Structures are given as structure tokens and as C-alpha cells.
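Following the hints, complete the assembly by docking chain S onto the known chain C.
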Amino acid sequence: MEFKKMDEIQKRILMEVAGLHTVPEGAFNIRSDGQLAGRASSANIEIVSKEDGSGIDIHIKPGTKNESVHIPVIMSKSGLHDVVYNDFYVGEDCDVVIVAGCGISNCGGMDSEHDGIHRFYVGKNSNVKYVEKHYGEGDGTGKRILNPVTEVYMEEGSHVEMEMVQIKGVDSTDRSTVAKVAAGASLVVKERLMTHGEQYAASAYLVDLDGDGSSADIVSRSVARDKSYQKLDLRVNGNAACSGHTECDSIIMDEGRILAVPQLEANCTDSALIHEAAIGKIAGDQLIKLMTLGLTEAEAEEQIVNGFLK
Amino acid sequence: MLELKNIRFDVREGTEDIGIIRDVSFTIPDNKFVVVTGPNGGGKSTLARLIAGIEKPTEGRILLDGVDITDKSITDRARMGISYAMQQPVRFKGIQVLDLLRLASGKGTRVTVAEACQYLSRVGLCAKDYIMREVNASLSGGELKRIEIATVLARGTKLSVFDEPEAGIDLWSFQNLIEVFEQMRDSIKDSSILIISHQERILEIADEIIVVADGKIDRMGPREEILPSLIGTTSAVGVCVPLGGKPAAVPQVPTDENGNPIPKSQAKGGEI
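First to last, the sequence lines map onto chains C and S.
Residue 1 is where the first sequence starts when you use my numbering, and the numbers rise one by one after that.
Residue 311 is where the second sequence starts when you use my numbering, and the numbers rise one by one after that.
Here chain S stands alone, though its shape is the one from the complex:
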């Protein structure tokens, strides 16, 4: 169980303190799948970084299973059972996918290649093509993202935090990735999962939804209460257009050199 109590996080800009997180409190009980959503710039990723220990709150306490971890390091929190998948995963020259999965598992070379491959298969990567690849710039953003998720699976800790797993993955591939989260949902046991996401399909499998906007909790509660109010907003984006469907036509409006729209009657040239 993870508890955030009256968390504030300020950053200094010039002589002014800007409140990124402004008095946020919530609890993620065991065996729950919680999705944090809300508009961009609202403080969601900062919350994830505060939980992982990458940032320290200006005020407030964070508790894991009743133990105050506010002053614990990233390493300590990881060892206590927090996993964190970055929104923009890091590349490493020379470190292979297998190395990273072995480090993640905490068992080093005792993890066989076959075991490591299973984690990759679960995130939809053809394991034999990737296991010996370097985690470097030769991997696409989407591939890197899947490997990042695989490292969290390999850890198997009691709290897994995913920061926008859909970011950088094309929508068709994300369809398959949703199944990964559905499986995680099904096999959650005594662990809990916190995902930052705007995707409707992810929100649909949530137990609880927390809407964060402007550094504060806008609303939170069980999915069935919160989700209906989010459909159609940027906090719940449909995964893709129907097969064969066409994206809605966006009418083009001619503009002048300053970017201001020109009335059709004055527009030069042919039809638009």
C-alpha cells in the first residue's frame, strides 16, 4: 500500500517558487490498478518521480506499507519494492537488453537467456531478435519503451509505476501492449499498479481513477464513477480510428503572413 500525504513540490524559477504539486493526498491499496490521468503539464509525471524518489517533496510524506520512505533514496525505494518505468527511457551504449533484464531481476547471471526472453515476449517483442541488442540509439522509441516495461515485469515488485506507457508507441502497437496491462491486472495478486495514461483502454481496466490538473487532484474515485465524465476529453483518448475509417476531415483555412485567418472571399488562389 502506498500513501501520499499532503505532498507539495515547488520549483524555483528566478526568485519565485512555482507549485508543481499542490497538496496532493491519495492511497493506493494493495491489489489495485490505479490510473492517473489529466491534462498535460498538470503534474502527473512529477508525482511518479516523487514516488520513485527521483524528486523529493517540498512538503508532505510518502509511506510504503506504513513505512515512511520520504527520505529514502531511489535505490532504497527500489529495494523496498517500487518499480518505475520512465516515460522517455534511457539508452546505454554497450549494455545489452539481456544485461538490463538481468540487472532488473536482481538475480544477475542466474537469470537464463530463456527466462529473460519471456519478459520480452510478454511485451510483444520477438525475443531472439532483441535479447543481445544493445540498448542504444539503434532501437526505436517504441522498442525502447517495450524494453522499459519488460524491466519492470522482470522486477516483479509490489508497486509498479508506469509513466505514460503509450507515449512514443504507435497506436496500432499499443493495442497489443494493452493486453500486457490487462494480464498484469489479472495477475496483480498482492501488488499494486499505478499507471499515468490518457488511453481510454487503460482507463477501462482501472479500479480507481485519479484526475490530476494544475498540481491538484481534480477528482478521484472508482472507475465507474469517474470514467463517464472523462470520455470525450483529452484525459481519455480513444486508441484508434475504426478499421477502414478515415480521420475526420479538418477544413483548412487560408492564413496571411502573420498566421491570421483570411476570409474565404478574400483568399487568393483556388479552392481549399
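Extracted from the complex, chain C is given alone in its bound form:
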């Protein structure tokens, strides 16, 4: 079955952000140009609109295993400003995959903006994989703006793995991710970011490791090309006997600029916190090696960047 109500642009964006070309299996909610374009709940995953119309609540029953939820957002009209609250209530002992993401196609002269606020309440011993992809296209003068807010509240023994990718076409993004991690719970974040042209991207993390045995591993890899600017602000607070690691690894090209602000706050003598931050251009030896394999300098650069962001 295909999405009948969508035009080709919308379908293509859906493919970019969620890898979908047909209706996904399991629960899903597709929002297109500020309207509901499709929804399905499953036996274990229920999606309902908030009473005030500001977004959706996703309830995942305790013990739900090997199921997925897709909640992509598509914007194909110029001049839209969309604000959505999506709250995920994940019961205890679940193992689920959540795929979100937003794609904007803006061929008009007015700015299009989507601000998605995602809150996750993850029950004890649950395992959640969250994948979020942002994508923009269109040759209009209107800007494509995405300002996602992600909040994660993790109960004891839970595990959340987040993959956040923004590689192309988003003019301005201001991302905020907040997490509170209870005893024995672990958070793993892999962020991939590339900016072009005059794009601006800021990404801030604030992770509180509140329980003994909690851990966080936040790895951000980014590439700033042309005249783009990125600000990466990774903060971990160790409030218990915990371990935290942040890594901010960036390549700058052309006239790209990056500000990396790693911050650690140890509020407990048994917290072990590490941060790493490195910014630099592509190493000359890397280019030379690939050129000795017959690649041009531009091809070598492309391979190095693609690998780095893989």
C-alpha cells in the first residue's frame, strides 16, 4: 500500500527522513504540512492526539518487545511554522525502536520552521533505540529551520540509544537535548552533523547522571563546510557513582567555523567523567593516501567526510 494522499515531493521527503516508501509495519503517525496524514496504533503501542491538539501521546505497554514506531514529519509548503509536542511513555521491560525525523522542502520565499518537542519517559529495564533524521531541500529563498527539543527521563536499568543525523539542507537548527539518567541506566548518543553554505547549527546537551551505576556516552561528529557555523555544547553532570564520556570530533573545511564547549560537572567523588574535543581540517596524509589510490583531491575529501559521518 502506498500513501495515496501525498504528492511526489512529500513521498521523497518521507523516504529521506524515515526510509519509508510504503506504510510501515506497526504503529506510525505521519504529519504532513501541519496535518495528520496517517496513523495506526498496534496492539501494544497506542498513539492518541493530545486533547489540546498540540501533539500526540505514544503509549507503549510494559513488556512490548521488538516493535517499532514511526513518527515522521513532512513540510512541503513555504511559510509554515509548526510546533508539535510528542510524548512517549515507554512501559517497563520494553525493547522498541522509535523512528522520528523531519524533512522540509521549501521552494518559496518564506521561512518554514518545525519545532518538535519530544519527551521520553522510559520505564525500568526498557531498551529504546531512537533514530532521528533531519533533511531539507528546495531552492526558494525561504529558510528551512528545525529546532528540536528532546527530553529523556530514564528509570533504573533502562538503556536508550539515540542516533541523530542532520546532513543536508537545513539552514538553521537549534537543538537541545536533556536527559536524566537513574541508577544502572545507560544513555548512548551518536550525533552526526554537516553544515553547508551559510547554515547555522547549534546542539546542546545537558545530561544528569543521577543514580549509582548510571552512564552516558555522547559522541558528536560534525563537518562544517563553506561559511557555515556550528556550536556544540556538551555538558554532563555526575551526581552519583557514575561514568560519563563526551566526544566532540569535528572537521572544518573552506571557511567553516566551529565552537566546541565540552563541560563536565562532578558533584560526587565517585563520578568518573571524561571529555574529548578535537577540531581540525582533513589531515594532509589522508588526502595523499587516497590520491595515491587514484582519487582526485575532491573525491578523496568526499570519501573522508562520508566515512567520518557514516
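It is possible that part of the hints are untrue.
In silico DSS-like cross-links for lysine-lysine, where the CA-CA straight-line distance does not exceed 27 Å [unchecked claim]:
(1) C:K168 with S:K403
(2) C:K310 with S:K315
(3) S:K382 with S:K499
(4) S:K526 with C:K281
(5) C:K190 with S:K403
(6) S:K526 with S:K315
(7) S:K315 with S:K342
Bear in mind the hints are in silico, worked out from the structure with no lab data behind them.
These numbers were taken from a predicted model, which means no experiment stands behind them.
Leaving out everything else, chain S in the frame of chain C:
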């Protein structure tokens, strides 16, 4: 066939030009396995970099099959048939061994995983353990070196240049790696191989040996002429001590705080 004609390479230090390579000429004919040896700092690696196009000579010409490639880029030379294995291979975050072998082969994804694995097996790596690994800091120096050699095998060009393949590989592992070069020697066909090495076992399979010292060719010629004069020098190092053998005992001499030896009669403490 590769020809180097009156190659000079100077680097500027302050206001002075320092001659790293000073008028070097030689020819590597097709179907030859040539080893360049000589003391450290003599200019061997610079020669390899000049051939690969990473450095440009201050003077002189380089010809590949009669075509002047002196002004050609690294990429052009690679496409014309020159491969180069670095002495200290580069690491790449995110690029997998398979990606690198596919890039090296020039055939991209048309190279199957099984084909790529064969190159790794040839350099003595258990292919399934490595093919999906990232070429990053998780690989040891020796593993990286083998992968570097595998990329040259995957290219299969008419001239392959290896800069000290033994560097960074433990001597026992290098025993196996020598077999790789012996196989390359046997299947050389119309290609040629230039290896910079101090290893006696590599020198033993050379057709020609070139000794480079102080930026100049000290001597060159067929192996049987040159090798005897190198045995026992740092230009031809034995691969390892015999099984069960012990390294020669090096007597320790006590020194004072400035590092000067103290005569035994004055040395404090017990026996040495």
C-alpha cells in the same frame, strides 16, 4: 619502466638549501624487483615520495614508460600505474577496510566482499575479522601496515613502491610477510616492484640493489654483486635470532650523573 634522471631535491632550512637528494639517476626496468637500502636519513623515503608525486624534485626528470611524469599530480601518477605503500600508513575514522580496498581496486562496489577478503588473506590477516573494521586507531601498527600492503595488491599496477614494509611489524610476523613479497616476485609479469628495506630476506630476493647514502647512490647493481658487501651492516639486517637463541649479552657499564662511564674499580654497588 621507471627512469629517474639527475634528480635533486632540496629543502629550505632558514636561509640555506639542504640537499636531501643529490643528483640521483637510475632505471627500474619491467619485470624487476629492486630493493633500495642504505642508512637511515640517507634519502630513501624521499625517493619513494618523489616517485609517487608527493614531493616534486628541485631538478631532474622522472619518466614512466618513456612519458615524462615529473609535473604530474599524485592522482595522475596513480592512474598511470604507480602504487605507493606508506611507511607510516594513515588512519581514517569511519572508513572500513572494505571501503579502502574497494577504492584501491578502482572498481568500487563491483568488488565483492569475497574478493576483498582475498587481498587480506594474502597479507596474512584473517579476512573475516578485519574486512568490516574501521581503519582507525583500534588497529595496531602491524595490522595497519598489512592493510596498506593489501591496498597496493588490490591496485595491481605496473609499478609498486613500498616504503619499509617491515617498519612497525614485529620480526616474527615479518617472516610471513616476506612470503607475500616472494609471491609478488614470482608473479611480477610485466610489472616492477621497488622496495625500500633493510631486511636481508628482502634483499635476497632482489634482482637489483641500490644503496643510497647521504642523498646519493653509493653503489648499485645486481644482487649477487652488491649483497655480499652489505651483509653485517645496518643496510642488511637479519630477520631474527635463531629459535631458542638468545640475544647477545650487552655488558652494562655504570655511568655517572652526566652519563659518562665510570671505571669498574670506582663503581659503587654490587656486581654488574
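Legend entry - Proposed proximity, S:K342 with S:K315 (alpha carbon, max 27 Å): Holds: S:K315 and S:K342 sit about 19 Å apart, inside 27 Å.
Inset, instruction - Decide if the proposed pair is consistent with the structure: C:K310 and S:K315, CA atoms, cutoff 27 Å inclusive. - result: 45 Å, violated
Inset, instruction - Quickly compare the C-alpha distance for C:K168 and S:K403 to 27 Å and report which way the hint goes. - result: Roughly 20 Å separates the two Cα atoms, so the pair holds.
Inset, instruction - Decide if the proposed pair is consistent with the structure: S:K526 and C:K281, CA atoms, cutoff 27 Å inclusive. - result: Violated, at about 36 Å.
Legend entry - 27 Å Cα cutoff - pair S:K382, S:K499: 26 Å, holds
Legend entry - Satisfaction of hint between S:K403 and C:K190, Cα-Cα up to 27 Å: 14 Å, holds
Inset, instruction - For the pair supplied as a hint, S:K526 and S:K315, confirm whether the alpha-carbon distance does not exceed 27 Å. - result: 13 Å, holds
In this structure, the earlier hints numbered 2 and 4 are contradicted, and the remaining ones agree with it.
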